[in-house]
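Take these sequences, add in the hints, and give me the full structure.
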Amino acid sequence: QSVLTQPPSVSAAPGQKVTISCSGSSSNIGINYVSWYQQLPGTAPKLLIYDNHKRPSGIPDRFSGSKSGTSAALGITGLQTGDEAAYFCGTWESSLSTGGSYVFGTGTKVTV
Amino acid sequence: EVQLVQSGAEVKKPGESLKISCKDSGHIFTTYWIAWVRQMPGKGLEWMGIIYPGDSDTRYSPSFQGQVTISADKSISTAYLQWSSLKASDTAIYYCASVLSIAAGAGLDVWGQGTTVTVSS
Chain A
24 QSVLTQPPSV SAAPGQKVTI SCSGSSSNIG INYVSWYQQL PGTAPKLLIY
74 DNHKRPSGIP DRFSGSKSGT SAALGITGLQ TGDEAAYFCG TWESSLSTGG
124 SYVFGTGTKV TV
Chain B
17 EVQLVQSGAE VKKPGESLKI SCKDSGHIFT TYWIAWVRQM PGKGLEWMGI
67 IYPGDSDTRY SPSFQGQVTI SADKSISTAY LQWSSLKASD TAIYYCASVL
117 SIAAGAGLDV WGQGTTVTVS S
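Chains as they are written, first to last, in my numbering: chain A, 24 to 135; chain B, 17 to 137.
In case anyone wonders, no lab produced these hints; they're calculated from the structure. Check each hint, because a few of them may be wrong.
[Unchecked claim] SDA-like, lysine to any residue: derived pairs with alpha carbons at most 20 angstroms apart:
hint: 1; chain 1: B; residue 1: Lys59; chain 2: A; residue 2: Thr129
hint: 2; chain 1: A; residue 1: Lys69; chain 2: B; residue 2: Ser87
hint: 3; chain 1: B; residue 1: Lys59; chain 2: A; residue 2: Leu102
hint: 4; chain 1: A; residue 1: Lys69; chain 2: B; residue 2: Ser23
hint: 5; chain 1: A; residue 1: Lys69; chain 2: B; residue 2: Glu17
hint: 6; chain 1: A; residue 1: Lys69; chain 2: A; residue 2: Leu102
hint: 7; chain 1: B; residue 1: Lys90; chain 2: B; residue 2: His43
hint: 8; chain 1: B; residue 1: Lys59; chain 2: B; residue 2: Val133
hint: 9; chain 1: B; residue 1: Lys39; chain 2: A; residue 2: Thr66
hint: 10; chain 1: B; residue 1: Lys59; chain 2: A; residue 2: Gly65
hint: 11; chain 1: A; residue 1: Lys69; chain 2: B; residue 2: Lys39
hint: 12; chain 1: B; residue 1: Lys59; chain 2: A; residue 2: Thr134
hint: 13; chain 1: A; residue 1: Lys132; chain 2: B; residue 2: Gln55
[To be verified] Which chain B residues face chain A? A few, computed with CB under 7 angstroms, are given here:
hint: 14; residue: Gly60
hint: 15; residue: Leu61
hint: 16; residue: Trp63
hint: 17; residue: Arg75
hint: 18; residue: Tyr111
hint: 19; residue: Ser117
hint: 20; residue: Gly121
hint: 21; residue: Gly123
hint: 22; residue: Asp125
hint: 23; residue: Trp127
hint: 24; residue: Gln129
hint: 25; residue: Gly130
Note that this is a predicted model, so its numbers are computed, not measured. Glycine included, every Cβ here is placed at the ideal spot set by N, Cα and C.
This is the structure:
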């Protein structure tokens, strides 16, 4: 069902940086805001980034978001072992067939 | 503090009905949308649908239309997800989450803790 494509996994050493890509289309990422969610093992997802690049209160500035055209990216700098989690992008779908639905990315497992 | 508190884990048999809940505290319940998201074992997140408790406007993902019913009781700030006849393939964790505005393209900002539903004979 996922219409947003992410790499299955990325890894880096503690202190390093990773970037996770999220590829969509003109009917979703191309015209709507992108959010990113962090899901630590065994827990519910948590909003990490909204409106492409904004961070909710309490989210450190090690996490950053960007969008260009029909793709978005999440960057994590100064990696910590506590960042090991699954990360999902998400946005609204505005196509005629599924208009009004929200779509998630396939998810990326980050290993530190 | 804004919270969404979901009902507890359920173990059901195929063909049985089920209704799980999501109680909102801290929001003004009738001014937010409440969404439902499925996560099958070891898999990603799937959008099921969303309801605006203020006027019960409800929208379903085409994948879940006719398979589940989303409802809400604004008098007790609670949203529901229900099945009339469960299948083994409904085994999953179900999350509720709040959305400030669809029109503004808002994300899912507060999530419930999840309800594990196991369907097995």
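Hints and how they fare:
Under the criterion of a C-alpha separation no larger than 20 angstroms, the hint pairing B/Lys59 with A/Thr129 is consistent with the structure, at around 9 angstroms. Our distance criterion of 20 angstroms between C-alpha atoms is broken by A/Lys69 and B/Ser87, whose separation comes to about 24 angstroms. For the given pair, B/Lys59 sits about 24 angstroms from A/Leu102 by alpha-carbon distance, which is inconsistent with the 20 angstroms threshold. For the proposed pair A/Lys69 and B/Ser23, the alpha carbon gap of about 19 angstroms is at most 20 angstroms, so the pair holds.
Between A/Lys69 and B/Glu17, the direct Cα distance comes to roughly 15 angstroms. Compliance with the 20 angstroms bound is thereby established for this hinted pair. Annotation: proposed proximity of A/Lys69 to A/Leu102 holds, straight-line Cα distance about 18 angstroms (limit 20 angstroms). For the hint pairing B/Lys90 with B/His43, the CA-to-CA distance comes to about 12 angstroms; that is within 20 angstroms, so the pair holds. About 15 angstroms separates the Cα atoms of B/Lys59 and B/Val133, which keeps this hinted pair within 20 angstroms; it holds.
Only pairs whose Cα atoms come within 20 angstroms are accepted, and B/Lys39 paired with A/Thr66 is accepted, the gap being roughly 18 angstroms. The straight-line distance between the Cα atoms of B/Lys59 and A/Gly65 is roughly 13 angstroms, inside the 20 angstroms bound, and the hint therefore holds. Of the pairs offered as hints, the one joining A/Lys69 and B/Lys39 holds, with about 18 angstroms between alpha carbons and a cut-off of 20 angstroms not exceeded. At most 20 angstroms may separate the alpha-carbon atoms for a hinted pair to count; B/Lys59 and A/Thr134 meet this at roughly 17 angstroms.
With a C-alpha separation of about 15 angstroms, the suggested pairing of A/Lys132 with B/Gln55 holds against the 20 angstroms cut-off. Because the beta carbon of B/Gly60 sits about 4 angstroms from the nearest beta carbon in chain A, less than 7 angstroms, this interface hint is met. The criterion of a C-beta within 7 angstroms of any C-beta in chain A is met by B/Leu61, whose closest approach is roughly 4 angstroms, and the hint holds. Interface hint status for B/Trp63: upheld, as the beta-carbon distance to the closest one in chain A is roughly 4 angstroms, under 7 angstroms.
About 5 angstroms separates the beta-carbon of B/Arg75 from the nearest beta-carbon of chain A, less than 7 angstroms, and the hint is met. Look at B/Tyr111: its Cβ gets to within about 6 angstroms of chain A, closer than 7 angstroms, so that hint holds up. A cut of 7 angstroms between beta carbons decides the hint on B/Ser117: the least distance to chain A is about 11 angstroms, and the hint is violated. With its C-beta approaching chain A no nearer than about 4 angstroms, B/Gly121 sits inside the 7 angstroms limit, and its interface hint holds.
Look at B/Gly123: its Cβ gets to within about 3 angstroms of chain A, closer than 7 angstroms, so that hint holds up. Using the Cβ-Cβ criterion of 7 angstroms, the hint placing B/Asp125 at the interface with chain A is satisfied: the shortest such distance is roughly 5 angstroms. At its closest, the beta carbon of B/Trp127 sits 5 angstroms from a beta carbon of chain A; the interface hint therefore holds under the 7 angstroms criterion. Restraint check, B/Gln129 versus chain A: the minimum CB separation of about 5 angstroms is within 7 angstroms; hint holds.
With 7 angstroms as the threshold, the beta carbon of B/Gly130 comes within range of chain A, its nearest partner Cβ sitting at about 5 angstroms, so the hint holds.
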